[in-house]
Amino acid sequence: MVKIMNKTEYQKLVKELSPKEPKFRNAIVAFLVGGLLGFIGEVIINILMESFGLARVDSCMWLSFILILFSTFMTALGKFDNWVNKAKCGLIIPTTGFAHSVQSAALDYKKDGLVTGIGANIFKLAGSVILYGIVSAFFLCILKVVIYG
Amino acid sequence: MASLKFNNIYLNDWFTVTGPLESNSKLKKIDLKMDDYYYGEKTFEKAEAKMQRVVMERLLEKNHLTNNDIDILVGGDLLDQITATNYAAMDIPISLIGIYSACATFPESLIIGSMFLSDKNLKKVISITSGHNLGAEKQFRYPIEYGAPRPHTATFTSTAAISTLVGKETGKIKIESATIGKVTEMGIMDANNLGAVMAPAAARTLYEHLNDLKRDIDYYDLILTGDLGCIGSTIFKEYADKKYNLKIKKHLDAGCELYVKSQEVYAGGSGPACLPLVLFNKIMPMNKYKKILIIGTGALHSKTFVNQKSPIPAIAHAVSLEVL
Numbered sequence: 001m002v003k004i005m006n007k008t009e010y011q012k013l014v015k016e017l018s019p020k021e022p023k024f025r026n027a028i029v030a031f032l033v034g035g036l037l038g039f040i041g042e043v044i045i046n047i048l049m050e051s052f053g054l055a056r057v058d059s060c061m062w063l064s065f066i067l068i069l070f071s072t073f074m075t076a077l078g079k080f081d082n083w084v085n086k087a088k089c090g091l092i093i094p095t096t097g098f099a100h101s102v103q104s105a106a107l108d109y110k111k112d113g114l115v116t117g118i119g120a121n122i123f124k125l126a127g128s129v130i131l132y133g134i135v136s137a138f139f140l141c142i143l144k145v146v147i148y149g
Numbered sequence: 001m002a003s004l005k006f007n008n009i010y011l012n013d014w015f016t017v018t019g020p021l022e023s024n025s026k027l028k029k030i031d032l033k034m035d036d037y038y039y040g041e042k043t044f045e046k047a048e049a050k051m052q053r054v055v056m057e058r059l060l061e062k063n064h065l066t067n068n069d070i071d072i073l074v075g076g077d078l079l080d081q082i083t084a085t086n087y088a089a090m091d092i093p094i095s096l097i098g099i100y101s102a103c104a105t106f107p108e109s110l111i112i113g114s115m116f117l118s119d120k121n122l123k124k125v126i127s128i129t130s131g132h133n134l135g136a137e138k139q140f141r142y143p144i145e146y147g148a149p150r151p152h153t154a155t156f157t158s159t160a161a162i163s164t165l166v167g168k169e170t171g172k173i174k175i176e177s178a179t180i181g182k183v184t185e186m187g188i189m190d191a192n193n194l195g196a197v198m199a200p201a202a203a204r205t206l207y208e209h210l211n212d213l214k215r216d217i218d219y220y221d222l223i224l225t226g227d228l229g230c231i232g233s234t235i236f237k238e239y240a241d242k243k244y245n246l247k248i249k250k251h252l253d254a255g256c257e258l259y260v261k262s263q264e265v266y267a268g269g270s271g272p273a274c275l276p277l278v279l280f281n282k283i284m285p286m287n288k289y290k291k292i293l294i295i296g297t298g299a300l301h302s303k304t305f306v307n308q309k310s311p312i313p314a315i316a317h318a319v320s321l322e323v324l
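Chains as they are written, first to last, in our numbering: chain A, 1 to 149; chain B, 1 to 324.
Extracted from the complex, chain B is given alone in its bound form:
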């Protein structure tokens, strides 16, 4: 069984910085906005590392904490060798666990952070993740980014960095339980339809979570998936119904909820930053939902494997949150 229950672990605070497009999207209460994709640095990669460093520093500042108060930093991003996190952590003397699960990095970091906090000697963990549209384009897309027309199923990597403070003091959100997903692959090779790649993984994790914890789907006020996009969401609901007989009604997808239509981002947003961005800057200010299940979905996409005609595997991690 890959589901865990946590006792007295809370998501105390967060800090977000958003890219130019995200700053003018459907989000509310953004902490910090970037004017351009360079963020005062010479390259996109350095900009992403700076974004992570800034959100970490500002989160500590906001909560009147110092580096010594934080036991462990858990985080990752989309660049090769998770360089944005590694370079950001270079200037911050906190022990680092670097992780990669593509766009499921955020829930994964929450799960790992919460597991560390189950140790009584550890008190506070910072979880961090980021995405940079142009950095990711350079990393993943075929073969260069030059504005080539894309199909309507394509998603757009969002630019943002988010740091979250996880601790044992009673805070705004309780991390109640979690399910670690399994790598799922349904034979989709199209890197322009990652929603279809990830939908089966999301449905599988949802099913296993409900099964493990003996819950009904109506237990949750909201099921928030990471970055399936608008088309991926339809596939997710249809697949969950057909395969697991789950009728998903209270569902939102972060990718589909992020951008406004005029921003022309095809099927919606994606990237590791997408889920926390929508959760903290859209869902939380609404004050509407109490029990939220977030399912981060990651396409474990490799350009090399796709070129070698291998299908794209996907993973999804679920974390159950209770807003206090």
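So that you can see chain A by itself, here it is in the shape it has in the complex:
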């Protein structure tokens, strides 16, 4: 009574029966949350410029510090995980996501030793971002020199 069902047929069956991810909805949510974060960032930059008399470049730097501190703090409190889950990529792509991934790894491995635990694992996810960030910056610089001289 056993019928033959090959792997391709099975994978087709799985695809049919698995629910589709609401990609469009996720993208809208990420767009709105990411945009809101950008808006808040712009407000903070303006406050820093007005109240502390900082140059725009300096207040951008301070804004990064503030966002990183905020997200790592919220990760430590266990809140950020749930937010990321709801906001999809809206909180992962900005610097908050980077800080969160580093902090999460540090928390996960804090008991495994300073070198073997935190040291070896803290950039487990963020390491790729740093590496490929530098690599793409390198190629973009070459491109810039070639095009603009």
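No wet-lab data here; the hints were simulated from the structure. Among the hints, erroneous ones may be present.
As the list claims (entries may be wrong) - Simulated restraints, written as ranges between beta carbons of each label pair: (1) Lys309(B) / Lys86(A): 46 to 54 Å; (2) Asn82(A) / Lys172(B): 18 to 26 Å; (3) Lys42(B) / Glu9(A): 44 to 52 Å; (4) Met5(A) / Glu322(B): 54 to 62 Å; (5) Asn82(A) / Thr304(B): 29 to 37 Å; (6) Thr8(A) / Glu322(B): 38 to 46 Å.
To be verified - List of simulated lysine-lysine pairs, DSS-like, C-alpha gap at most 27 Å: (7) Lys138(B) / Lys5(B); (8) Lys110(A) / Lys303(B); (9) Lys46(B) / Lys182(B); (10) Lys124(A) / Lys250(B); (11) Lys12(A) / Lys250(B); (12) Lys110(A) / Lys46(B); (13) Lys138(B) / Lys111(A).
Please read these numbers as outputs of a predicted model, since none were measured by experiment. Note that beta-carbon positions come from the ideal geometry of N, C-alpha and C, so glycine has one too.
Fit chain B to the supplied structure of chain A, relying on the hints for placement.
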């Protein structure tokens, strides 16, 4: 033939400890609840070992037994080198057989335990298994646990430890027969869809069990699969129908039965603790089913192999239980 029949082997008693999320799920009559994931220890791994130790000690206490009354301890978990079981057994002087079949560890431990008891010199065996959500996340997920959005097919490793006393004295449940599964792989590489990875293994074991023992599917009042999850269950039934022509009607999946919807666990629970947890703390208190076939399903998932683009194999072991 990989099906075995057992004579006069009973599942006498059990003891469960559950994690914070599982304590507020659809379960009833939980023996012990944990307030947090650390359980008074410094790390998740140590917490899991403590969970196993506690359920073993409390099971002995409940049945007025000592370590000397138990001949063999059979168990395993999800951590590397089944460390939770090894470390738990460190303080308990009972001979240990450590096993690993991912989430099919529970039925496997029952099968091995029952086979030992077929020897007339051995009288009592304890089977033990556990899962810890955060320990397993650290072990298996890509590459760190940070709340990344998951697809709806993903399952959630349940936190619990369960010990079961298997012996020859007539008890609550009779272990009637069992089928040892074969490793099955259907080309699925998605670690976020383990239900689809394990469904063919479950269907194959079910088919072989019924075939070996010359039984009809209606022989069982309930077929309880381990942790296929809600989506995996649909795939399992559809696949069993299409490939083996088995119309599965009386089926429940432990993963799908564990959590309530507001707990946001995607397709349901998973992990070695999922099946025994639902069996002992949900199905048994219902007092509704007499002949139950439990099929533990394990995705033999390795991060290394998945990264190297190999599909995930799965295994399923079935044990037929008769509630007395």
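Right, here's what the structure says about each hint:
no.	hint	in the structure
1	Lys309(B) / Lys86(A): 46 to 54 Å	32 Å, violated
2	Asn82(A) / Lys172(B): 18 to 26 Å	40 Å, violated
3	Lys42(B) / Glu9(A): 44 to 52 Å	49 Å, holds
4	Met5(A) / Glu322(B): 54 to 62 Å	33 Å, violated
5	Asn82(A) / Thr304(B): 29 to 37 Å	30 Å, holds
6	Thr8(A) / Glu322(B): 38 to 46 Å	41 Å, holds
7	Lys138(B) / Lys5(B)	39 Å, violated
8	Lys110(A) / Lys303(B)	22 Å, holds
9	Lys46(B) / Lys182(B)	32 Å, violated
10	Lys124(A) / Lys250(B)	45 Å, violated
11	Lys12(A) / Lys250(B)	26 Å, holds
12	Lys110(A) / Lys46(B)	14 Å, holds
13	Lys138(B) / Lys111(A)	13 Å, holds
The structure shown violates the earlier hints numbered 1, 2, 4, 7, 9 and 10.
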